[in-house]
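Engineer: Listed below are the residues making up each chain.
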Amino acid sequence: MERYYQKEIECASPEEIRKIQDEKLVRQVRHVWDNVEYYRKKMEKKGLTPDDIRSRDDLHKLPFLSKADLRDCYPYGLLGVPLEKCVRIHSTSGTTGKRVVAFYTQHDLDLWSDCTARAIVAAGGTKGSVVHVAYGYGLFTGGAGLNDGSHKVGCLTVPISSGNTDRQIMFIKDLQATILCCTPSYAAYISEQMKEMGLGPDDIPLKAGIFGAEAWSEEMRHDIESTLGIKAYDIYGLTELSGPGVSFECSEQKGMHINEDHFIAEIIDPDTEEVLPDGEEGELVFTALDKEAFPLLRYRTRDICSLNRTKCSCGRTLIRMEKPKGRTDDMLIIRGVNVFPSQIETVLLNNGYSSNYQIIVGRVNNTDTLEVRVEMTPDMFTDNLGEIEGRQANLVDGLKSMLGIKAKVTLVAPKSITRSEGKAVRVIDNRKI
Amino acid sequence: MSIKQISVFMENKPGTLEEMTAVLAQNNIDMRAISLAEAEDFGIARLIVDDVYQTTTVLKDAGFVNRLSDVLAVEIPDAPGGLNKVLKTLSAAQVNLEYMYAFLGGKDVDKAYFIMKTAHIDRAESTLDLAGFNLVDQEHIAEI
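Residue numbers (numbering that gives the first Met the number 0), protein chains in the order written: chain A, 0 to 432; chain B, 0 to 143.
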């Protein structure tokens, strides 16, 4: 039976959610107007005052915030409360530009941990469960986010952070952990290491995993589920909005439920900035409804996905977002075609290769080149040269039909692609433009 | 009377073969024969060794993907026409070879050995046996 952490919210009627959002939005716009000069100026430029925002229906009038705004405001420009009211910061990995520093009051941390607690309960966590948190602890939000949610639920929390994989496996076994929280690429690495140690899914007590912080494919989910013997739940979030837990998956695994009492989601056309109807694909935009310290309104996530308002059979009424194809930052433009690493991963796994791959983009004679390096595995290796080449050719065909452009596939030695304990480095772009 | 051949995946970059043979050297493994097959951007090294179990274990530990397959090792006199006699016998029996390679006898300087991979391994074996050829078995490969 499906369990909920806050059933009154998670299963609230659309009218109740609307009422919560309307009230909180009006209050939040006033809070930002009064305390964040940078955003107030943006509103004034559009001729807006807080009185123009009376309900969710007026949301589209508000100006957007983008990563560039966050950069301009670094570090204190978007702070909504005096610094002495803040109790913590977190920061992005900085992989796509300058770091973002986000601030939290105690109230902000509380509502964030409610969000991750909902995700843990949805994944089967309950008081007394042992939750193994192998997300990095530190500036990264993964460790702290799941850690605090796990406390809220009353789980025994193992704050192991990432690294030292043999020890991770020992702790999972010895302490009877049932829920693993980490990045999907690290989960794949743990299962690879288990195989190396001669351990299979039946040798570990895990039942569920909560995996996020990077784009991963459905095929990778199946791989992790079968090799670890668990159900793998997706979780989504951004440091700019708090961290993991902005949305989370239920047992249906058909999209992630957005915590709508704290965030309003919109999908826009990234070029025209028009709001798109539910079901259409576009850029995801979030408005944080009750964050005090870092209150972002209409923040453009650069994630591409769609929203689904149909009722979920888990009982939750919270709107669902489709798993983002990838961040527009992750998107590569190769020979004019948009390519997401997650698409390449799908093709690799469908063809029996491992999720240890690297994408190398180059430029020869003003033409982009795309090379996919993937590790040979014992399962894919045979003594027959032709058979291996045939599979390689199938892979090239599969990539061509998925991406629309030709990629060179190079088979490399096992373990030659560096393993990641946090976010995997998938792309090496050697183009000098 | 087939013997085990170890096929090893070789990434196409300088030093791969050197690295693999270093692993064999460190573990005191004696190779009887080696052959390399290459595709456009990878290769397969095929090995006949004295100790199959130890070799596959140390290669795996060193990160080399490998696989065993059954091949025939035929002993012939190291003289003109030696190989042709073997092949005549096999072609008469409609045996198709996938690949083969050879090495000269170690202790017995008058002998040569052919390693043959075929999908028709049982037929090849009985035909050669009947024709009086000497097939080397796993136990004796270490003694050559």
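Watch out, some of these pointers could steer you wrong.
[Said to hold, decoys possible] Below, a list of computed lysine-lysine pairs in the DSSO-like style, where the Cα atoms sit at most 30 Å apart: (1) A:LYS310 x A:LYS324; (2) A:LYS407 x B:LYS59; (3) B:LYS59 x A:LYS399; (4) A:LYS230 x A:LYS324.
[What the hints assert, rightly or not] Residues from chain A shown here face chain B by an in silico Cβ test under 7 Å; the list is partial: (5) PRO413; (6) LYS414; (7) ILE416.
Everything labelled a hint here was simulated from the structure, so no lab data went into it. All C-beta atoms, glycine included, are put in the ideal place defined by N, C-alpha and C.
Engineer: Please go over all the hints and tell whether each is borne out by the structure.
Structural biologist: Hint check results:
1. A:LYS310 x A:LYS324: holds, 22 Å
2. A:LYS407 x B:LYS59: holds, 27 Å
3. B:LYS59 x A:LYS399: violated, 33 Å
4. A:LYS230 x A:LYS324: holds, 21 Å
5. PRO413: Holds. Min distance 5 Å.
6. LYS414: holds, 5 Å
7. ILE416: violated, 11 Å
Of the hints listed earlier, those the structure fails to meet are numbers 3, 7, in rising order.
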